[in-house]
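Chains Y and L, in that order, give the protein sequences.
Those letters in the first sequence? Residues 0 to 353, per numbering that gives the first Met the number 0, in order.
Those letters in the second sequence? Residues 0 to 298, per numbering that gives the first Met the number 0, in order.
FYI, nobody ran anything at the bench for these hints, they're computed from the structure.
Just a few of them, taken from the derived set where beta-carbon distance is under 8 Å, the chain Y residues facing chain L:
no., residue
1, 89
2, 146
3, 152
4, 327
5, 335
6, 339
Note that the structure is predicted; figures quoted are calculated from it, not measured.
For glycine and all other residues, C-beta sits at the position ideal for the given N, C-alpha and C.
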Amino acid sequence: MTEIAAARRFDAIAWFDKGIGLAFPFVVALAVASAVLLAVGENPIDVFSLMAAESFGSTRRIAATLSAATPLLFTGVATAICFRSGVFNVGVEGAFVIGGLCGAFVGFSLPAGFGLALIPLAFAFAAIGSALWLSVPGYLLARYEVDEVVSTLMLNFVAFGITGYLVNGPLLSEISGNNVTPLVHEAAQLPRLLPPSTVHAGFLVGLVLVVAYGLWARRTPSGFEGALVGHNRRFSKAIGISIPATIVLVMVISGIVAGMGGASHALGQLHRFADGFSPGYGFTGMAVALLGRNTATGILLGAILFGALASAGTTVQLFSDIPLDIVNIIEGTVMIFAVVELGRLSLRRWRGAS
Amino acid sequence: MIVDQIIAASLVLTTPILLAAMGGLVNRRAGIVNIALDAKMLAGAFVAVVVSSATGGWFFAVLAAAVAGAAIGLLFSLVVTRAGANMIVAGLGLNVFVAGVIGFILNWVYDSSGTLRLPDVQLLPRLLPEQVSNVPVVGLALSELEPLTVFAWVSVAVLPFMLAHIRIGLWLRATGNAPQVARAMGISAPNVQDFSTAFAGFFSGLGGAHLALASIGLFNEGLTAGRGFIALAAFYFGRDRPLTTALVCLLFGFLDASQIRMQTAGLPPKLIGTIPYLMVLVALVIAGWRAHRGKAAAA
Chain Y
0 MTEIAAARRF
10 DAIAWFDKGI
20 GLAFPFVVAL
30 AVASAVLLAV
40 GENPIDVFSL
50 MAAESFGSTR
60 RIAATLSAAT
70 PLLFTGVATA
80 ICFRSGVFNV
90 GVEGAFVIGG
100 LCGAFVGFSL
110 PAGFGLALIP
120 LAFAFAAIGS
130 ALWLSVPGYL
140 LARYEVDEVV
150 STLMLNFVAF
160 GITGYLVNGP
170 LLSEISGNNV
180 TPLVHEAAQL
190 PRLLPPSTVH
200 AGFLVGLVLV
210 VAYGLWARRT
220 PSGFEGALVG
230 HNRRFSKAIG
240 ISIPATIVLV
250 MVISGIVAGM
260 GGASHALGQL
270 HRFADGFSPG
280 YGFTGMAVAL
290 LGRNTATGIL
300 LGAILFGALA
310 SAGTTVQLFS
320 DIPLDIVNII
330 EGTVMIFAVV
340 ELGRLSLRRW
350 RGAS
Chain L
0 MIVDQIIAAS
10 LVLTTPILLA
20 AMGGLVNRRA
30 GIVNIALDAK
40 MLAGAFVAVV
50 VSSATGGWFF
60 AVLAAAVAGA
70 AIGLLFSLVV
80 TRAGANMIVA
90 GLGLNVFVAG
100 VIGFILNWVY
110 DSSGTLRLPD
120 VQLLPRLLPE
130 QVSNVPVVGL
140 ALSELEPLTV
150 FAWVSVAVLP
160 FMLAHIRIGL
170 WLRATGNAPQ
180 VARAMGISAP
190 NVQDFSTAFA
200 GFFSGLGGAH
210 LALASIGLFN
220 EGLTAGRGFI
230 ALAAFYFGRD
240 RPLTTALVCL
250 LFGFLDASQI
260 RMQTAGLPPK
270 LIGTIPYLMV
280 LVALVIAGWR
290 AHRGKAAAA
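Model the full structure from these sequences, guided by the hints.
The structure is reproduced here in structure tokens:
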């Protein structure tokens, strides 16, 4: 009897810890944001409730939130796939941008006669482009143990440089000003789900990908192997999992997902590629994956949360003069505290001592 | 004439990267890859402009920038060394956070979005008298010489000695190379790492101050333009050796300075801008390939 009770209590503590784990970074971020708001003489509760109303208050606002969450679904999944295998891919940002350019390129360069076939073609081209892009650091890590953090970080800047060059040179639109490609054909534009809001069919694609990721991670052998490699490389190797193959696999999948995200953003949101295509979706995706602890449900919630922050931030800036930068403050805090090892701060230490 | 200008511009553009790279190099020697150098540069630049305007003195502005950088570095370090946070993600998060805080202050206090112009900002003084500009070739560079550039190059000369012979330098290297040995010797690894990160912040803050006060005298949100990452590229390529890293910084500064001229020669500046990053990739691949070959030969 006592054993069962003890086990139950242990379970409860484990759940409590897990709950703290999910909520902790966000709570800290809200506390930091509150401190900032208090410092400038604003009531945090008023601001937060205004933000909540601005992000979920009406169908239109919800649509705006989902629209802002769309790219994050892709970048969140692309990051989580690698992180759960212990591969620190910080190059999703670059892959997203490359995918956007590839997708837009197909969308405006192929003849309009392709009709609706343009959309799958654009997605496929973007997926291939970004997969190839990330396969490079993946291969270098698998074969030569080239530190993937530095290589993917550096490749981000290379991606910005190459795409920036292309939209200012060979792919520059002839009719509109600077730094943009021509618009994609109308047939290649993703349909809007709730006009006049900008939420588009890319959101559904992202949703499907999140579900597919969840199934892959939890129900397939290769998904399980990926997680195992993340938990314990030596054990994985001992039971016959190829570490190099897993690394390349997760990098390629990550590239495919990030590339599709870029295509979705190009075809659904901007209808072209432009310099400054991504205001850091890849890095926010990292925050999403970390906050969601690499689970499908967590990524979905995290993406919607950050989408809400982004869409509310813009309007809050209009209504109360709180600068939009409060969103960055929250995002940065979430990222920092999402990786703080809770074991050292939470109940575990206390239990270990007792 | 053109050569004079390129030399002068290269030297000026090297200084901020060089300062940040020296800080980051010491940090990495102690085992911390500091990906948040950019944030500290940005903070340094901002503080430098504000303090320079308020006090009308460049020295306090530079000092305040360095202290601000060191303080941010120390906070970052505590999160990594005491709370066990992953240094890469925490570093990227810090970049976002600092940009957010500075943007917030700009917007709230100064009611401006992006750029901060303040009255009476005192720029860094020129050290040598006007007449040196008559010296052939390097005259222009000499006439533009200011204290931070001198400090940066002095630190390049001093750091190898510090790392090799001074106690704290040895502690740093022990902590980075062999944490167990360091612990056995009674060195507190977290303390040493905290010191090194604060040091990196101090130097990055100086780099930021140079960006803001060397010639333009104002702050802009995009002022660093990823220079913290260029600095990272520099010490990765320079394999954490001060002298090699400094030469790499000089090369990056030269690339930066000659971009505009290369543009007129038909080379797109955006592609030139990717060279530092590609160089690091190549360096990493070569290092990895060598290690791999060595391992294969041993086996």
